[in-house]
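Start from the sequences and build out the full structure, keeping to the hints where you can.
Chain order of the listed sequences is A and B.
Residues in the first sequence are numbered consecutively from 1, following our numbering.
Residues in the second sequence are numbered consecutively from 1, following our numbering.
Source of the hints: derived by calculation from the structure; they are not laboratory data.
Keep in mind that this is a model prediction, so the values were computed, not measured.
Be a bit skeptical, because a hint or two may be false.
Distance condition first, Cα-Cα at most 30 Å in a straight line; then the derived DSS-like pairs of lysine-lysine [claimed, not checked]:
1) B:Lys676 <-> A:Lys356
2) B:Lys674 <-> A:Lys316
3) A:Lys148 <-> B:Lys674
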Amino acid sequence: MFSKKTMIAGAVFFTVLLLLLISCGGRAEKAVVDTGMIGRQAMCPVTGDTFTIHASTPVVVYKGEEYYMCCPGCDLEFMKDPDKYLNDKKGDDGRGQKAEPSNEEIAYWTCSMHPEVRSETEGSCPICGMTLIPAYERSESSDILPLKNSAAALAGIRTYPVRKERLHREIRLAGRVAFDPELVTAQEEYINAIKMRDDIESIDEISLKRAEQLIANAEYRLRLMGMDEAEIRILARSRKVQSSLVMPQNESWVYADAYESDIGWIERGQSVIVKSAAQPDKRFAGKVMAVSPTFSQGSRSNLIRIKLSNPEAKLKPGMYVETTIISPIHVGGPRSPESRVLAIPVEALLDTGSRKVVWVYIEGRGYQPRTVKIGPVGYLHGGSTEERYYPVLEGLNEDELVVTNGNFLLDSESRITGVAAIGYGGALGVDDQTLPAHQH
Amino acid sequence: MVEKLIEICLKNRFLVMGAFILIVLWGVFALRNTPIDAIPDIGDMQVIVYVDWEGRSPKDVEDQIVYPLTTRLTGTPGVKTIRSTSEFGFGMVSIIFEEGVEYYWARTRVLERLSFATGGMPVDARVVLGPDVTAVGQIFWYTVENGYYCPDHPQESFAGDGVCPEDGKKLMPSNYDLSELRGIQDWYVRFQLNSVSGVSEVASVGGYVKQYQIDVDPYKLVHYHVMITDVINAVKSSNIDIGAKVFTEGSVEFIVRGLGFIKNTRDIENIAVGVHESVPVYIRDVGRVTVGPDFRRGALDKEGREVTGGVVVMRYGENPLRVIEGIKERIEELEVGLPPGVRVVPFYDRTGLIDRTVNTLRDALTQEILITAFVIIVFLLHFFGSLVISIVLPVGVLISFIFMRIFGIDANIMSLGGIAIAIGVMVDSGSVLVENIYRRVAERQRHGELTAVQRLETTIEAAKEVGRPVFFALLTTIIGFIPVFVLTGQAGKLFRPLAFTKTFAMAGAAFIAVCLLPTLAFYLVRGRLRLPDENIMSRLLRRIYRPTLDWSLNHKKIVVAIFGLVLVIGLFTTLLIKQEFMPPLNEGDLLFMPVLLPGASLTQVMEVMQKQDMIIKNEFPDEVEWVVGKLGHAETSTDPAPVTMIETIIHLKPQKSWRKGMTREKLIEEIQIKTKIPGVSPIMTQPIRNRIDMLATGIQTPVGIKVFGPDLGQIERIAEELERIVTNVEGAANVFAERIGNRPYYELEIDRNRIARYGVNLGMVQEVIAMAIGGMNVTQTVEGRERYPIRVRYMRELRDNPEAMNRIFISAADGQQIPLGILVNASRKLGPAMLQSENTMPYVRVFINVRQDIIGLVDFVRLAQRTVEEKIESGELTIPPGYYLRWSGQFESEVEARNRLAVVLPICLAVIMLLLYVAFKDLPSVLVVALSLPFSLVGGIIPLYLFGFKFSTAVWVGFIALFGVATDNAVVLLTVFKNIFGEKKPSDVPEVRENVIRGGLLRVRPIMMTVLTTVLALVPIMFFTSAGSEVIKPMASPIIGGLLSATFANLILIPIVYAWIKERQLTRQKIQH
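So this is what it looks like as C-alpha cells:
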C-alpha cells in the first residue's frame, strides 16, 4: 500500500518534471553555449554558413534543440520566425548541424606546474593538488605548435624577420686623455735618428749602420711605449711628433686599458666613441691607432692608443674618459669579406645553457622551435644601445619570422601539450630521455 | 537508574524547570560566542618557521639556512615530522605536530628551539616563527586604490567619476602612484588594521616599495679609485641621529641631538665616499641617486589596472565574523585620514560565505524543527503534547552548543551538519516517552478526570516504562557512531567534529527527554485526550497496515522473494556509483589560478594576469562583480606562492542576474576558454580550499615513494629508475617521478687559481657579485613614521646581462681593477626551482596511482615493495650508501584507519549485539533485528544513484548514522512481540499470525512517527542549493532512503520472519508431543 502511494507521488513528480522540460521547447529563447560544443563546426540556420562554435556564439533554444548562430543579430532574426529558417533547409533534418567531433583527442592529463605528471584519467596533481589539464593527441606528429590568431594575440606574440645586419660589439674601457711627454720625447729621438741617417752620406757604411741601429733602438722604445708598427711607419714618413700627446690641439690622444678578455676584439682602425664627464652631452669620435704590443704586468691590461678629434680642445690631458670601442662582428672570422650576419634580437633566444632555442612562425601552420648556434651578442650598426642582437650561425634562414615576445609562453605550451616530447624538450624543459614513456 | 532519575525529576519539578531555564540561557550564550567559520581547517597541525633571504637561490637558502635550521629543530617535543622547502628568496620549515598537541604549547616549543637554532646563520637572512595562524586564516583581502574626491569635501572618496553629492561640483580623480599607495598601505592602513582584536598579521602585496637607489657606475669607481664597499660604508655611516644627553642653561635643561638622518636624494648625493687627488669624491660623482621601486616578488591587479593592497590574517581560534566586523569598523574610521580620493576596497571577504553557510544550516534546522513538530501534531493530534516533544529540538541544539564551547569545537558546515542530521532522531526518545504518557493518561482518563496526584503517578509510571528502552536506543545510536570518531587524517579532521556535535545533540535530547519532558508532560498533557483508536491518523495507518500484513503473512515466499530481489538490485547499483574523497564545498567566490612554468619573469606573468583579468571583467558583465589578481606572494608566511603563480579572486554577482542557462560549472569553463593563453594553464579552484592545499605537504596520491639522499642528482636518478620499475607492477597506473631541475640559473663559478694569480680573495669577489649585481639595502631613511630602504647597486645596463656582468670590476691586492669575466667561469644551467626535505634529508617523490579495482592498496604496496627489493638485489637498481626509500602516501592513513576499524568495528558490533541480547535474551531475536541492516543499506544506495552522488566519506558517515537508528524500530517491534507472545501463548498458526498482527498494529503509529519525523525533516535539505548544502546532502540521502527501506523491512519482513520462527517452533512442539 505504501509503495503504491510512493509510486503515485513519484509518478506525479516525474510527470511535472517532464512537463517542465517539454514546456521549454515551445518558444525560441537565448541560451548559453554548451561548453562541449565549443570548437565544433555548425551551420548557421539564418545565413547557412558553416563556422566554428566558440564560447560567445549566440545560441537559441527552440523546441528543445539548440541552434548556433554565426553572428550576433542572426539570433534576433531567427527568434522572430524560427520555423521560416528551419523549413528553408530541406534535406537536413531541420536543425543546425551539430557536426564532426573535434579531431583533437585527449591523449593524457597533465599538470601545468609539473608537466612530468601524466595521468590517464582526470583528477588532481599529486604534487600540488591542482586540477589536471588535458593534453591533446595531435593528428600530425610534428614539432609545430598550432595556435589560433586569437590565442597568439592573447599571448602577446610579436615576431621579427631575421635579416642580415651589420653587428658590432661595444667594448667599454676606462681611459684617460693622454699626457705622455715621454712618448713625445721618444718620438723626437726617433725622428732625429731618421733625420741623422738621412744626413749621412751613403758611402759611410759604418755611420749608416750606427744610424740604423739608433733608429732601430728608438723604434723599439716607441713600440714598448705602445705604438704599433703602422703608426711608427706613419711617424717615419711624416716626421712629426704627436704633440697632442702633451698639449691638446685639434686632436687628442686617449689611452685606454684593455683587459685580456677584450684584446682579441680590438684592432687598429676600429672606431671609438669617447665620453667625458667634462662634456657629458658630447661624444667624441676617434679611432684605434695602436694596440700596444706589450701587456702591462702592473695593471694587468693592454694599452690601446686612440686618436680622436678634439676641435675645441675640451678634452684636456689627464682627464678621465669613458671609451667605447666599436668592434664589428664577422661570422667567417674577422677578415671575412661578408660583414653582414643574420641577426636576431636577444629576446628571441631562450638559452638555458643546455639548449639555445628560437621559436619561428611558419605561416599557416604555427610555431616551430629551432635549436640555433649563435655568436657573441652585439649591437645593430647605427641602432640603439638598448637593443641587443645575437648573430645566428646556424639554424635560421633569412626572412624567417622569429618570435620576440611570448616565446616563453610558447615554450611552456609545448611542454605542457607534449609537442616538446617530439625531438625537443623545450628550452627550459627536462631532457628528452628523462621524459616518461608515453603511456596508454 | 534511569527510572530513579525520572522519578526524582518529576518530584522536583520547579527545580528542573529552573535548571532548564539556566541551561537555555547558557546555551544562548554559547551559541553567540562560538567561533563560526564556513569550512573546518583540515590541514595538518603545523608551526611554520619562515626564512627570508632576499635574492638568494633555492640552493643557497637550503644549504645555508634551511638545512642547518631543520637539523637543530629535530627533536622538538611532540613533533611528527619536519618538512621544509627552499625557494627563491625564501624558505619554509613546516614542523608538523602530533594530533592533539596544544597549538600555543607547540609554538612555544619551536620558539625555544629557535632561540639557539639561528646561531651562525648569515646575518642578512631573517628567520622568524610564522604568525599564529592556520591555512584558513586569510579572511579579508583589500586593495588600496585611487578614486575620486571633491576638492571642497576631501573627507569622502568615491569609486567612480561624477559630481559631489553636497555641492554638485565635478569630482577630481586622485593620482597617487603605486609606491605612494604602497606607502599608505604599509605605514598607515596596515598597522591600523593589525591592531584590530583577533588579527594576527596584515601583509602587504602589490605596488612598489619606495626605495632610494644609488646606481653606481663602475667606470667612475675606477677613475676615482673608489671601491663599491667604500660607497656602502659611506652611506651606512652617513645616516644617523644621535642623542647627547643634556646641557643646562640657568635652570633649563636642553636635550642635545646630533641630526644626520638622510631625508632625500640630495642628502645621499652629497655623501663623500673618498678623496681623489685632494678633491672629495661624492656619491653623485660615481653614480646616480633616484627614487625607484624595490625588488618585488608580488603584484596585485584589479581588472587590468595595477593596484596595491593587503591581506588580513586572523589569529588561530578566533571568530572570523567578529574579526571581519572589527576590520570593517576600523577601515571606516581610518578612511577619514586617507589622502583625498584614496580608498580601501575589500575584494575578498569571508563573511558572505559564512553568512550563507550559516543561513543554509539555520534554514535547514528551522525547517526540520517545524516539519518534525508538524508530523508530531498530525500523529498525536494534541497541540500541547506535540509542543512538549518539539521543545527537545531547540533545547537539544542549545545543549550541543554548550558542549561545543566546552570542547572547543567551532561552528562550521560540518559540525552544524552533525546537528542537522541528528534532528529527526533527536525527537525519537521524546516522542516515545510522551506518546506513552499520553496513552497511559488517556487510558486512565476514560474512567473520569484525574486528580493531580493521580496524574503524577500515571506520568511517573508511564515514563519509567519506556525510560530504559529510550536510554538503550540512545546507547546504540552513540555506539554505532563511534567508528566516525576513529577516522584519521583529513577525513578525521572533517568528520570528528560532526560526530561530536551529533553525539552531543543526541545526548542532550535524551537528557531532556528523561528529565524535562515528563515534567512538561505532567503540566501540559491534559484535557481531552484521544485513545489511539480514536485518532484518525492511527486508524488510517491500521486500516492500511492490517490487510498488508495479513496478506504478507499468507504469502511469505513471494514477499521474501521481492525483498531478496530488492537487495540484489541495490547491491548492483553500488557498482554504478563513483567514489570521491569529499564533495567539494561551494565557496561562492572563485579562485582562478593560472600558472606559468618555472622561470617566467614577473613582467611576463604580469602581462598574462592583466589580460586575463580584463577579459574576465569585460566578457562576463552579468556574472562577475569584480576581479582582482595577485601574482607571487604577499609578505606573509601563509602565502608561499612563487612569482609564476597567479591567484585571481573572481567575485560573482548573485545568481539571479546571470545570463539564462548559466551555471557555475559553465561559467568556470567559459572563463577558462576565454582566458586561454598558450603556456598558461587555467586552473579554477576556490579560495579556502586552495589555502589548505598550498600549505599541505607530503604525498597526495594513494601510494608514493620518497627517495632520500644527500645528492639531488642521485635521488632524481633513483626516482626515475623507480618510476620505470613500478610502472610494470600489476595495478600501477600513472607512475611519475618528480623532476626538480627546471629553473634557469646563471652561475658564476669562481676560478680559485685565477683569483690567486690576480691577488683577489674569494670573499671579495662574492661581495662584489652580491652588491654590484644583486644590490643591497644598506640602510633606511627615517621620514616621520615611514621608513624606506637605500640601496646600492651597479647601473642597470652595466649589470643586467652576462656581457655587462663580465665587466664588473674587482679590486686586486695591488689596487688594480680586474673584470669579473676573467675571474669566473659563467654558465647558464638548469637547477631546482624548489628544494624540499623531510627530517633534514632532501627527497624526491615518486607518485603512484593504483587501479584499486584490480588490486587493494595494501597488497599493491607489498607487491611493489617486493619488486623493488628484487631489483636492488639483482643489481638493476643501485642505491648508494646514504640513500634510502620510504613508502608513503594515503595508503598509510588507510592502513591506520583499517587497523583502527579492525578493532573498533567488531567491538562496536559486539557491544550492540550484546545490548540487543541483554534486551531479548535470545539469539534468534537479535538476528531478526539485524535483518533491517542490509535493507537500510540498499535503501540508502538507491537515492545516491538517483541524485548522482558519489561514494564519499560524507556518504559513509551518513550510512553509519543510519545504522544507528535503523535497528531501533525493529527493537521496539520485537519487544512488543515478545510481550504479546509472553502474555498469550499461541496454540496454532492462525493464532501466531494474529499475535504478530496485534503487535504490529500496536507499534505502527510510533514507528511511523519516528521514521517520518526523521525522513521528512531531512527531505527539504535535499532541495537546498545554497552554500554548504553540497556536503549535507550526500550525508542526508542515505539516511532518508535507508530509513524508508528499513521501515518496510521492519513493518513487513520482520513480522513475517518472526511469525515463521514461531510457527516452526509450534510445529516442532507438536511433533515432539
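Tell me, in ascending order, the numbers of any earlier hints that this structure violates.
-> 2
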